[in-house]
Each structure stands twice: as structure tokens, then as C-alpha cells.
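Quick mapping for you: the protein sequence lines, in order, are chains A and F.
By the count of our numbering, the first sequence reaches residue 262 at its end, each step adding exactly one.
By the count of our numbering, the second sequence reaches residue 183 at its end, each step adding exactly one.
Hints may contain errors.
Partial pick of chain A residues on the chain F-facing surface, computed with a CB cut under 7 Å [what the hints assert, rightly or not]:
(1) G43
(2) L45
(3) L133
(4) A134
(5) G135
(6) L141
(7) P142
These are computed hints drawn from the structure, not numbers from a lab.
In this text, a Cβ means the ideal position worked out from N, Cα and C, and glycines have one as well.
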Amino acid sequence: MIESLANVGGSQARIHGETITALPQDLYIPPDALEVYLEAFEGPLDLLLYLIRKHNLDILDIPMADLTRQYMDYVEKMRSIKLELAADYLLMSAMLIEIKSRMLLPKPAEIEQEDDPRAELVRRLMEYESIKLAGQKLDDLPQVGREILVAQAYYQQIIEVQPPTVSLDELMAAWQAVLERASKFAHHKISRDELSVREHMSQILRRLQQDKLLEFAALFDIRNDGLPKLVVCFLAILELVKEGMVKMTQQVAFSPIYLQIA
Amino acid sequence: MNEPQTIAEMKLVIEAALLTSSQPLSLDELTRLFADRMERATLRMLLDELKADWQQRTMELVQVASGWRFQARAEYAPFLARLSPEKPQRYSRAALETLAIIAYRQPVTRGDIEEIRGVAVNPNIIRMLQERDWIDIVGERDVPGRPSLFATTKTFLDDLNLRSLSELPPMENFAQVEIPLDL
Chain A
1 MIESLANVGG SQARIHGETI TALPQDLYIP PDALEVYLEA FEGPLDLLLY
51 LIRKHNLDIL DIPMADLTRQ YMDYVEKMRS IKLELAADYL LMSAMLIEIK
101 SRMLLPKPAE IEQEDDPRAE LVRRLMEYES IKLAGQKLDD LPQVGREILV
151 AQAYYQQIIE VQPPTVSLDE LMAAWQAVLE RASKFAHHKI SRDELSVREH
201 MSQILRRLQQ DKLLEFAALF DIRNDGLPKL VVCFLAILEL VKEGMVKMTQ
251 QVAFSPIYLQ IA
Chain F
1 MNEPQTIAEM KLVIEAALLT SSQPLSLDEL TRLFADRMER ATLRMLLDEL
51 KADWQQRTME LVQVASGWRF QARAEYAPFL ARLSPEKPQR YSRAALETLA
101 IIAYRQPVTR GDIEEIRGVA VNPNIIRMLQ ERDWIDIVGE RDVPGRPSLF
151 ATTKTFLDDL NLRSLSELPP MENFAQVEIP LDL
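Extracted from the complex, chain F is given alone in its bound form (with noise of 0.2 Å):
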């Protein structure tokens, strides 16, 4: 196949690139695509019009935080949950508030969140969502002990089809506040 040179020709390309892809490809990668120079306004103009292509389809093109990917719409995913032997487990409390800790308040702290939460944090906790690299280790904090920064990464963000960490369910405040603080 020659380098292609229509709009057509490249949003099949891009196409090909994307459904194969096991991660969401970046704007850098997709341009890689392409031997000749690539605008990045162009690109974006090309998948506008991908993602509008596929409207009608069962995979549905999307925007996350490490890039573009495809993903089977939405309604599709009961039928295809029934293809799994097992269901996908649900994360207890306390792993969910921790990583609402980290998400929300990120960097943070063992501390930082032993302090929220008022328990000690499981370490089986931390180490399940280093695994699912959904958090890691961004630096210390310049204390004593120097401890460890937790963060969430972009596969984070990536699994929960968030693009960035302002496109976190805003957080709520306690429930019945409505009296302003007058302690």
C-alpha cells in the first residue's frame, strides 16, 4: 500500500493502528503513522471525523487520558459480560476510600491517609494498586522519615475513561451541611 494520501486513506490507517492497538495510542504516536509530516490539528481533525464514522457501529471511538482507543458502546457490555466465567471483583470500602484519598488529595501520604480514613492503611491495599497501576510512588515528602508520595497514574485515569483528574465526580461535602461553620 502506498503512503496514503486522501483524508479517506489516512483515517483508515489511523483506524487499522487504533483497533489493533492494546493501549490507547497518543497524538505523538499516531503521527508516527504517517512518513510524511503529520499537524497535529490535522490528526484531531481525522479522528473527529473517524469517531463520527463509527457513530453507527458497535465499538465507538474514545478520548482518554493517554490517548485515543475503541471500545465497544456501552449497552453492549451486559452481553459481553456473559462471555467471562467469573465477575470482575468489586474493590472492598476501605480500598475504594484509599483510593479516593489518593485520587482527590494526591500526593499523599501513608500518614496523609491513616489520617483521613482514622485506621492504619492495609499495605495489602497500597500494594493491590501499585499492581493495577492505577497509583505509585511520586517522590517523598521532606520529613523525617522521608515517606513515600502516592499518586494515581494515567492508567487511572485510562480505565475510568477519564481524560484528566478534573473529570473526577466532583466531591461532595457533608451531606447536611447547611448551616455555614460557626465553631
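So that you can see chain A by itself, here it is in the shape it has in the complex (with noise of 0.2 Å):
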């Protein structure tokens, strides 16, 4: 048992070592330390449940001074060669040098009942050494897409085409809708009288001084005029607000546009 973590972890722990697998992903400490002393480590937990198996050590009565010793060892050497170190190693090493020294203090004999300082690491140690080996277990599971594949055999979806339902409502404004389009094109027989802008400059000041207030769009009677006109009467009313004939006034932007004599 000794022997075969020895292997595992002591070959990869070696100063200079040639062999590299896998760097732990999670560690924010440079790649060369890794590569050094961490390599195989996946954070200060496991670096410790390592030293434990390595030497052998009893979880449940930990020699603290020799664990911390051979912890700090590690961490010192990383430090040595000016590596920063991982900020979670450094504070196990806290931890560690805390539940050392709180051994050492005497106590006094009517709290002997106080818990093992080792106590909440020992729980820590034992807790993430169960999810190390649930995690290599769900590992070994087979897996969708690695070791199971799911059938999924080809078929031609036919979307059957439900033609939609008119109702004779429908019929009835649609074809209403029609003669009204159709009248538009009706009547583009224009005159030319009826297209001189300055007729439509004075039809629209007679309306201005009838109505005083008028919105921009009352002036065109899309109904019953034909593109040529209503094109007609825009320019009419250009025209009258040049020749300063007409005021428009407009409150903010997109509101209604109103025309006034001048």
C-alpha cells in the first residue's frame, strides 16, 4: 500500500522530473510548480490525505507535528524557488500550525472534555476523500456518448398541409377591399386646371380662413383623390409656407401637424 502511492505520487514529486500528465485545472498557481510538487495534487486536502497514506499515518490519531512538518516541507520548497503559492495551501498551513499549537496548551482539568482539535480536520480529510473516490466512481460509469449509444433511427416527418377555413364574412370584406383598391385607379383623368398648384394654394387658404386650425392631414381627401392631386396639394402647401402665406406648428416630434394663416 505504502509502497504503490509511494510510486504514484514520489516519481511526480521529484525536483526536475521529466514526467508530466496532467496539471490540475483548478489551482491558480504557474504551471511549474505543478510540474514540480503539485502536480498531482488537487488542492491542500489532498496533498494531506496523500502524506497520510504515504507514511502511513493513523487518520484518526494524526502525529500533528509530522504532518505539518512534511506539509510545510512541500509548501516551503514551493516558496523557495519563489513560486506563488495557492492561496488555499497557505492557509491549510494555518490550520495546521493552529490545531498544533492548540495540542500543545495545558489544559485545564475541568474542560478535559474539550474536542480534539484535530477533530474538524480529521471530518474535512475523511468528507473529501469519500468524494475523491465518488467522483473516480461516476467516472467509471458507463456514459451517453462514451460508452452508451442511443438509437435514432432516420424518419421522414410528413407535415400533412390543413388548408385554412374562409368564412363568407371574410370573403365578403376581402372582395369589398378590392373594388375599393380599384376605384383609386378609377379616376386618374386629372385635368389640367385641377392640377395648377397655385388653385390648390388659394382652395387651402379659403379653408385656413373658414377653419382657422387645420391638421396637416385634413387637407388631402385620400379617399377621393388620385396620387397626381394629393402630390398636388402637398406642393401647394410647401408653397404657401415659403411664400409665408401659411404658419405650420408642430408641438413635438410625430404629433399632429397643424396649419394656420400666417
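Build the complex from these two chains, which are given one at a time in their own frames, with help from the hints.
Here's what the structure looks like:
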């Protein structure tokens, strides 16, 4: 047991070791450091477990002095070659030293029953080890895409086209719309007089005199006038504004535009 | 084709549906195959028979967390693997440990994972597991900061050929513990 473990970790912990397998992915320490010392470890707990296994220490009665010394050896070696060390490792050093020092303190007789300072560390080590083993077991399970291949036969999905239903009302409405559209193309014969911009200017002025204030859109008879007439009407308005006969106002953008006599 | 009347016809309909589905089909989904009312018990019986019918074939009918699916028998996997150009990636130990903590201790927060592993959680691992749809956020712990609680999904169970979390391999305790804890 000791030997096999020593082989696993020992060869990888060699300084200037050539064999590099995989780097832990969640340690924020330089790759060099990992290659030399911590390659095989997933964190301080993992390193501690390794030390306990390697030296065949009793987890329920950890010799704190030995363990701390060995742990610090690793950590110090790393520091000596000026590698930044993951904070997690340093935190664990502090914790080990704290446990050791608490064990050194003489206990007054009346609180003899105080918990072993190592208890929390032991609990965490045990929990970590069982998770570590569980992770390996999960990896051993067959996985879809790896060992399990799911059947997936091809089939051509035929979508039946359901013709939409049409009601009589809808048909009528559609016909009405056609008639109305057709009517707009029907009266394109417009005489020259009708198309006079000047004439439209006077018509608009006349209407403005009557109504004082008119909305821009109200000047266009979209239903009855053809496109040419609408254009002429628009030109007439522009002309009126240009000649200062009509004033255009708008409160805010996109609100209705009003016209009035200047 | 008319509505299936006999057991044999019903089994064929189920078979066709299962073989063409990209996802495992649940009992609810399978009942929708039939216009007439289908008892779940009948459906289970049909599935059992179908499973037996395929006993000698290359595909087997299995039940996983989200339903039933056909999959190649394990002995063919090595041959099928030769078809894929690259070897499927294996997860790092960090990823496996993170996954194990979420699977066995769920629902857990990042803090819980860090507490057990003794190192900071790599956000890439969490993201990778979420992208695979193996874990998701099931809520928040009611403590300051409201950390997210992670749990494993049905897809995780499906992908590992499991019907429920209780089928996960049992957790082992610290390997050499023989003496009772007396601290």
C-alpha cells in the first residue's frame, strides 16, 4: 500500500522530473510549481491525504507535528524557488499550525472533555476522500456518448397541410377591399386646371380662413383624390409656407402638424 | 394505417416511436401515441414485452430517468467507437470531484463545494457541467449573498444510464476506517 502510493506521488514530486501527465485545472499557481511538486494534487486536502497515506499515518490519531512538518516541507520548497503559492495551500498551513498549537496548550482539568482540535480536519479529510472516490466511481459509470450509444433511426416527418377555412364574411370583406382599391385607379383623368398648384393654394387658404386651424392630414382627401392630386396639394402647402402665407406648427415630434394663416 | 388494435400492433407503434426519438420517451409521451385511452399499466406491460422481443438484437430497450430509450448493447460500443475520429474526452479530477459533490450532496452552493474540496471552485467547470445540462441552478440559499444552489438534472441521470439518484454508486467512507471515531 505504502509503496504503490509512494510510487504514484513520489515519482511525480521529483524536482526536475521529466514526466508530466496532467495539470490540475483549478489551482491558480504557476504550471512550473505544479510540475515539480503539486502536479498530482487537487488542493491542500488532497496533498494532506497523500502524506497521510504515504507515511501510513492513522487518520484518527494524526501526529500533527509530523504531518505539519511534511506539509510545510512541500510548501516551503515551492516558496524557496519563488513560486506563487495558491492561497488555499497557505491557508491550510495556518490551520495545521493552529491545530498543533492548540494541542500544545495545557488544558485545565475541568474542561478535559474539550473536542480534539484535530476533529474538524479529520472530518474534512474523510469527507474529501469519500468525494474523491465517488468522483472516480462516477467516471467509471458508462456514459452516453462514451460507452452508451443511443439508437436514433431516421424518419421523414410528413406534415399534412391543413387548408385554412374561410368564412363568407371574410370573403365579402376581401371583395369590398378589392373594389375600393380598384376605385382608386379608376379616376386618373385629371384636368390641367385641377392640377394647378396655385389653384390648390387658394383652396387651402380659403379653407384656412374658414377653419382658422387645420390639421395637415385633413387637407388631403385620400379617399377620393388620386396620387397626382395629393402630390399637387402637398406642393401647394409647401409653396404657401415658403411664401409666408401659412404657418405650420407641431408641438413635439410625430404629433399632428397644424396649419394656420400666417 | 388504422389505429392499432392488437398487442402486437401497439408494440410496433411504440417501437417506431422509441427508435426515432432523439430523447428518451416518458410514459406520458408514449400514451399520446394512441388515440384511445391507454392505461399506464398496459403501457408498462407493452414496454416489458418489447424489451423481451429485442433480447436477441443489437439494441436494447432501457429505462432511464426521463423515460425509455433504445441503445446499443454494451458489447458493441468498442466497435462503434472506431467510427468516431476522436476519443471522447475524460473529465479532470477537479471536474469529477465537483460533479460528485453536486450529485451526492445536492443541492449545494459554490461555498459548499469549496468547503469540501479545500480549493476555489473553477467557474469553467461549473459552466461546462451546465452546458452539458448535467447540473442546473435549483434555487438560492437564504443567507446573505443568496448563493445559487446547484443540483444534477435528469439528463445527468439519463447519460449515466440511471433511473434515479438512488442508483448512484454508494459513497465509500474513508478507506481504512475500522476503529469507531473516538475524538
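Inset, instruction - With a cut-off of 7 Å on the beta carbons, see whether A:G135 makes it to chain F. - result: holds, 3 Å
Inset, instruction - Identify whether the interface hint at A:G43 stands, where standing means a beta carbon of chain F within less than 7 Å of its own. - result: Holds - the Cβ of A:G43 comes within 7 Å of chain F, reaching about 4 Å at its closest.
Legend entry - Proposed interface contact between A:L45 and chain F, which counts if any beta carbon pair is under 7 Å: holds, 4 Å
Inset, instruction - Identify whether the interface hint at A:L133 stands, where standing means a beta carbon of chain F within less than 7 Å of its own. - result: Hint on A:L133: holds, closest Cβ of chain F at ~5 Å, below 7 Å.
Inset, instruction - Classify the hint on A:A134 as holds or violated, based on whether any CB of chain F lies nearer than 7 Å to its CB. - result: For A:A134, the interface hint holds, since the closest Cβ of chain F sits about 4 Å away, which is under 7 Å.
Legend entry - Hint status (Cβ of A:P142 to nearest Cβ of chain F, threshold 7 Å): Holds, because the Cβ-Cβ distance from A:P142 to chain F comes to roughly 6 Å (cut-off 7 Å).
Inset, instruction - Mind checking the CB of A:L141 against every CB in chain F and telling me if the closest is under 7 Å? - result: holds, 5 Å
Checked against the numbered hints listed earlier, the structure breaks none of them; every hint is satisfied.
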